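Chain A is fixed; fit chain B onto it per the hints.
There are 2 protein chains.
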Amino acid sequence: MKLAIYGYGNLGRGVECAAAAAPDAELIGVFTRRAPETVKVHSDVPVYHASELENFKDKIDVLIICGGSATDLPEMTPALAKDFNVLDSFDTHAAIPVHFDNVDRAAKESGHIALISAGWDPGMFSLNRLYASAVLPEGKDYTFWGRGVSQGHSDAIRRIDGVLDARQYTVPVPAALDAVRAGEQPELTTREKHTRECYVVAEEGADLARIEREIKTMPNYFADYDTTVTFITMDELKRDHAGIPHGGSVIRTGVTGWNGEHKHVIEYSLKLDSNPEFTSSVLVAFARAIYKMHGRGVTGCKTVFDVAPADLSPLSPEELRAKML
Amino acid sequence: MKLAIYGYGNLGRGVECAAAAAPDAELIGVFTRRAPETVKVHSDVPVYHASELENFKDKIDVLIICGGSATDLPEMTPALAKDFNVLDSFDTHAAIPVHFDNVDRAAKESGHIALISAGWDPGMFSLNRLYASAVLPEGKDYTFWGRGVSQGHSDAIRRIDGVLDARQYTVPVPAALDAVRAGEQPELTTREKHTRECYVVAEEGADLARIEREIKTMPNYFADYDTTVTFITMDELKRDHAGIPHGGSVIRTGVTGWNGEHKHVIEYSLKLDSNPEFTSSVLVAFARAIYKMHGRGVTGCKTVFDVAPADLSPLSPEELRAKML
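Chains as they are written, first to last, in the working numbering: chain A, 1 to 325; chain B, 1 to 325.
Read the hints as simulated data drawn from the structure, not as lab findings.
Keep in mind the model is a prediction, meaning the values are calculated, not measured.
Careful: at least some of the hints might be erroneous.
Note: identical chains are not told apart, hence a pair may lie in one copy or across any two.
[To be verified] Here are the simulated DSSO-like pairs of lysine-lysine, each with C-alpha atoms no more than 30 Å apart in a straight line:
#: 1; residue 1: Lys193; residue 2: Lys263
#: 2; residue 1: Lys323; residue 2: Lys140
#: 3; residue 1: Lys263; residue 2: Lys40
#: 4; residue 1: Lys2; residue 2: Lys263
#: 5; residue 1: Lys292; residue 2: Lys140
#: 6; residue 1: Lys108; residue 2: Lys292
#: 7; residue 1: Lys57; residue 2: Lys108
#: 8; residue 1: Lys323; residue 2: Lys2
#: 9; residue 1: Lys238; residue 2: Lys193
#: 10; residue 1: Lys292; residue 2: Lys323
#: 11; residue 1: Lys40; residue 2: Lys2
#: 12; residue 1: Lys59; residue 2: Lys82
#: 13; residue 1: Lys82; residue 2: Lys40
#: 14; residue 1: Lys2; residue 2: Lys140
#: 15; residue 1: Lys238; residue 2: Lys263
#: 16; residue 1: Lys323; residue 2: Lys193
#: 17; residue 1: Lys82; residue 2: Lys323
#: 18; residue 1: Lys323; residue 2: Lys108
This is chain A alone, in the form it adopts within the complex (with noise of 0.2 Å):
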């Protein structure tokens, strides 16, 4: 299959590298809206100009967009479904309904297939909450993050006056994820569920104080939660705060019996040492399938939980039954 990339950040960067770690993959080519001379990427693919994409119109099996969900994805992969077999990571959960009809339409109209919100939240974790609670119907989810580098919550602190850079780490409280793995099907206030750590690089002579106040009572990143705050020097924050780690588990706890008398516990969990490159892996995968259902004539707006696991893999149905059933 030949994939293309759509923006080249932390996640178009991912996908170059998972592109060529598919037995099956071909990269035929990276598009950016910057001047593509200054774009530098790691392997020999070509880098076009996105108004380039038009000569490419048949050349590409599936374009996968690498942009931000707050205003890139929502505009730009309903317009490029008209064209191309598209994929995103689009990871505002609340607005997934609208974003689904946007590309649904474009996609239906125009005979392709687009697949929205890949990655691990939404995504993996996504697939793991469908699977857990269609068999175990009486139970109860939990979703925990971390311990990982929130970007969000980085750059929310980065806006703060007097900050040179900063990293928040998102960090589930052990006390909480023991009840739940113990099947106590607590309930739990999000000061309960998460901590969050701030690794600070203040301008020299900023008030420090006022910095940690400002963090601390910012309303939906850290008001709610328990946070600590470390001023460090910007050497130490690239020498202990480099990469980009995250993870996370999905829990479902519930009963089954006549009474309800007998307790099960469902565990997905991830611990990732580069958050853009673990995602990237999955939208290659996802890439491949969308690729075969294609080929089998399906067209619209799909998301993870539309696709059969075998579409998955470079594997042929028959190797799978024997090597991983």
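Structure of chain B alone, referenced to chain A:
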């Protein structure tokens, strides 16, 4: 959807209960090869002799076959697929390709759909092996079982002269689990992965040393494992070992990055109070899926790999996208 059960042992009892917990299922009968009046069901579902099935050809949407993999299912599933949409939990991994072909032929000829090898292994564990390998092509898979009761190993002990009853627990070795979770990708022998704990009730005056020796040296079942044998009384067995718990973990560790510099760990784990009741819950979810698929005209034999996750849920695609994605 109208379900029926064929065979009423531990698994059939579990399906009876799981069908009652499903919001969209109606259980219309239990079919048995025994004398129906000798079969005591828990609910008020009618019990019929297996020979009466021919009168139910248009009255059952999915027939869930609750037989044994050794001799029952290889005969039953292809035979019943001639008249019904069928589902089984065939779990002899090595014989799956042959069983698949036999069932596929029967189901395609008759225009029915069948799904084999549903449960948790094969089943949910298989799905997680497939998803993880598709997402992390450069990696290594591990499956650990337990702590839980192995019926097959318990039965093997019961066949030893002088043994009245026995319960065998399969237990993963903590050090092996730790090494795998740390992403070390160890090569593990059978002995290094699991230990076997046996609780045995012997006849009065039996030669306990001989029984212990026969267990520990039994080929395939125990010889390759570190096995402990504890003799207990029948009262202790009934008091402390009445349940049928099981579980385990499927773990894939792999790398991404141009130099494989980023490690990732994907783990799916189950902790089940009742192995047959959880397996039954999986069966009912997949019964829902093949019922929907058959409504769309799909025929032939399928496995869990061929089922789009959305088909497992009683919720609509719109609800799933809004609530679980």
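Now for the hints, and whether the structure bears them out:
Taking CA atoms no more than 30 Å apart as the test, Lys193 paired with Lys263 passes in both settings, with 22 Å inside one copy and 26 Å between copies. Taking identical chains as interchangeable, the C-alpha atoms of Lys323 and Lys140 lie at most 30 Å apart only when they sit on different chains, with a minimum of 13 Å there against 33 Å within one chain. Taking CA atoms no more than 30 Å apart as the test, Lys263 paired with Lys40 passes between copies only; the shortest distance there is 25 Å, against 53 Å inside one copy. For the identical chains of this complex, Lys2 and Lys263 are inter-copy neighbours only, at 27 Å across copies versus 47 Å inside a copy, given an alpha-carbon limit of 30 Å.
When the C-alpha separation of Lys292 and Lys140 is checked against a cutoff of 30 Å, the pair qualifies only between copies, where the shortest distance is 25 Å, while the shortest distance within a copy is 35 Å. In this assembly of identical chains, Lys108 and Lys292 lie within 30 Å of each other by CA distance both inside one copy and across copies; the values are 17 Å within and 23 Å between. Taking the closest pair of Cα atoms, Lys57 and Lys108 come within 30 Å of each other only inside a single copy of the chain (17 Å); across copies the shortest separation is 39 Å, beyond that limit. Taking identical chains as interchangeable, the C-alpha atoms of Lys323 and Lys2 lie at most 30 Å apart only when both belong to the same chain, with a minimum of 27 Å there against 33 Å between chains.
Taking identical chains as interchangeable, the C-alpha atoms of Lys238 and Lys193 lie at most 30 Å apart only when both belong to the same chain, with a minimum of 29 Å there against 40 Å between chains. In this assembly of identical chains, Lys292 and Lys323 lie within 30 Å of each other by CA distance both inside one copy and across copies; the values are 21 Å within and 27 Å between. Taking the shortest Cα distances, Lys40 and Lys2 sit within 30 Å of each other inside one copy (21 Å), while across copies they are farther apart (60 Å). When the C-alpha separation of Lys59 and Lys82 is checked against a cutoff of 30 Å, the pair qualifies only within one copy, where the shortest distance is 15 Å, while the shortest distance between copies is 45 Å.
Within a single copy, Lys82 and Lys40 get their C-alpha atoms as close as 28 Å, which meets the 30 Å cut-off; across copies the closest is 61 Å, which misses it. Taking the closest pair of Cα atoms, Lys2 and Lys140 come within 30 Å of each other only across two copies (27 Å); inside a single copy the shortest separation is 41 Å, beyond that limit. Taking the shortest alpha-carbon separations for Lys238 and Lys263, only the inter-copy value of 20 Å comes in at or below 30 Å, while the best intra-copy value is 46 Å. In this assembly of identical chains, Lys323 and Lys193 lie within 30 Å of each other by CA distance solely across copies; the values are 20 Å between and 39 Å within a copy.
For the identical chains of this complex, Lys82 and Lys323 are inter-copy neighbours only, at 28 Å across copies versus 39 Å inside a copy, given an alpha-carbon limit of 30 Å. In this assembly of identical chains, the alpha carbons of Lys323 and Lys108 lie at most 30 Å apart only when taken from different copies (24 Å versus 36 Å within one copy).
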